[in-house]
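Protein chains: 4
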Amino acid sequence: MGCREFAGNGLQSFLPMTPVTETRLRVRYAETDQMGVVYYANYLIWMEVGRAELCQACGFVYSEMEREDGIFLAVAEAQCQYRHPARYDDEVIVKSWIEKANTRMITIHYEMRRASDNRRLATGHTRHIYCSSEMRPVSLPEKYCRMFGVGASAAEGEKE
Amino acid sequence: MGCREFAGNGLQSFLPMTPVTETRLRVRYAETDQMGVVYYANYLIWMEVGRAELCQACGFVYSEMEREDGIFLAVAEAQCQYRHPARYDDEVIVKSWIEKANTRMITIHYEMRRASDNRRLATGHTRHIYCSSEMRPVSLPEKYCRMFGVGASAAEGEKE
Amino acid sequence: MGCREFAGNGLQSFLPMTPVTETRLRVRYAETDQMGVVYYANYLIWMEVGRAELCQACGFVYSEMEREDGIFLAVAEAQCQYRHPARYDDEVIVKSWIEKANTRMITIHYEMRRASDNRRLATGHTRHIYCSSEMRPVSLPEKYCRMFGVGASAAEGEKE
Amino acid sequence: MGCREFAGNGLQSFLPMTPVTETRLRVRYAETDQMGVVYYANYLIWMEVGRAELCQACGFVYSEMEREDGIFLAVAEAQCQYRHPARYDDEVIVKSWIEKANTRMITIHYEMRRASDNRRLATGHTRHIYCSSEMRPVSLPEKYCRMFGVGASAAEGEKE
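Residue numbers (the numbering used here), protein chains in the order written: chain A, 1 to 160; chain B, 1 to 160; chain C, 1 to 160; chain D, 1 to 160.
Calculated from the structure, these hints are not laboratory results. Wrong hints could be hidden among the right ones.
[To be verified] Here are the in silico distance ranges between beta carbons for each label pair:
#, chain 1, residue 1, chain 2, residue 2, range
1, B, Ser132, D, Lys143, 55 to 65 Å
2, D, Glu68, B, Arg119, 17 to 27 Å
3, D, Arg136, B, Arg26, 24 to 34 Å
4, D, Pro137, B, Ser132, 21 to 31 Å
5, B, Val61, A, Arg120, 44 to 54 Å
6, A, Arg83, D, Val138, 10 to 20 Å
7, A, Ser132, D, Asp69, 17 to 27 Å
Idealized CB from N, CA, C, for every residue including glycine.
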């Protein structure tokens, strides 16, 4: 899977030869709050939805990574900048890409846009540590290194 | 732990010699939706909070039931009647009691009132099957039977 | 929009000439709990997602009903029977249909199945009262009556 | 209300003469995920719970700020570092304090600890813009300036 170009703001960086995915979802009523907009914690759930699709584009199903290899992507950090409020029934596009990855952790970036007019709603990132089911840090198995662009391109990943 | 009387509507029934608990919680902003009231699924979360305290009043900590005995209270049915909308920052009292229990399942009833004026917000129940960690039905171990009022009072529990 | 037949269990009923919709969604990690299955309150959120699509199949967008006509579908009752646990990454099909509707309330039924093997996960219903933005009951405007099958078929709706 | 000292890590800063609050909450089952720990988005909900209590310690009830003055604290940024996983039934202490405030925005910091052993679970912050009910930025009314430590101490607030 090669690196797909996308119309960014010129400041985004991502690992060469890793995918950029776009996930579409529709805002649920449950996700709004009495301000009439989406409650801020829900953007982190959308990141998770985007992340799952990014894993698939990398060549594996996240649930199988957990079940078959006992590797969990524990969240070490999450950050989100809210630029324009999403509202009920909006179609949202979550763009996800790996910004940095090595054998101990991975950083994924996200951009959320409203599908109707491409308005940028939010941007953010999550940083993950690979863990065992007992939540102990582990080194990323070889097969996932290739998928996350760690290895041949590990130099870039490590440096960043 | 004996049966504590409470001011019901005369229609409520509960197992003799099992507790009735009252749990207080404050409505979170996250729990509201754009209608300006609490989103309906969140009342089921409040039932869970009440249920945990009911377990404690029965003599055990639910998390230890899971961890030490491998018994899970899988939900088989949930029902809620919404009588008056709860709003952000309301203090809510969740009253919980066992309505029926035998060695295969347990039914817990709930009444949610607004603390400020005792207004009834919702009533409902959940029915649970005891399960192993693999989600297979199991018979309730003796030690929990006593706590849930199954055994000496099993006759009543079974009949209902 | 006519009434579409579907493979039910023979016990389901629905208003003639109103639609039956199928909504697909994928289980999010956020929706699971430490039992390893979907937390029970989330099925009510899936019902909401199905309901929105049912509205659309009836001929209107629910958010516009709120915004343009000031009509809200306040939940008066919700009920769910859990038959088989949904798990992370499962594709779920939510079937939704109007079981009963009159000028004061509407009852919608739901059936949730796992897409991979059509296994029934849950069934349930929600009952709604039409409300103003101040949460006061209102009579359903004529235009929605037609869409919900109230009117010509009101007799059936009322009787049920 | 004066500034209460607290045992920090020496790196924390907060506006002089504004309060530091501690809010206790118990982890709900709904907040866990299949990893057996609290799902990461829920920490942002806990921040909200801490924030509401911080507002109260500042001298006002957040819901009244919305209702009576039409001022909303729209989230512009949220960040959380996850240090140790919270688990079901843990009692969590959310420490909240104003790090920076001026007439246009406010930054609140949070530290979440497990009550049983004071273990630090997470730290983070939220940045808010004062908005009207139509989500348009507004200048903070005088009465809230005093409460947030903007004004006499505005110099510090602005500088930071």
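The hints, checked one at a time:
Taking the beta carbon of each, serine 132(B) and lysine 143(D) are about 58 Å apart, inside 55 to 65 Å as hinted. Checked against the hint of 17 to 27 Å, the C-beta distance between glutamate 68(D) and arginine 119(B) comes to roughly 22 Å, which is consistent with it. Between arginine 136(D) and arginine 26(B) the beta carbons are some 29 Å apart, a value that agrees with the proposed interval 24 to 34 Å. About 55 Å separates the C-beta atoms of proline 137(D) and serine 132(B), a value inconsistent with the hinted range of 21 to 31 Å.
A beta carbon spacing of about 46 Å between valine 61(B) and arginine 120(A) agrees with the range 44 to 54 Å that was offered as a hint. At roughly 18 Å, the beta carbons of arginine 83(A) and valine 138(D) sit within the given window of 10 to 20 Å. Hint check: serine 132(A) to aspartate 69(D), Cβ distance near 50 Å, so the stated range 17 to 27 Å is violated.
In the structure shown, a violation is registered for the earlier hints numbered 4, 7, in ascending order.
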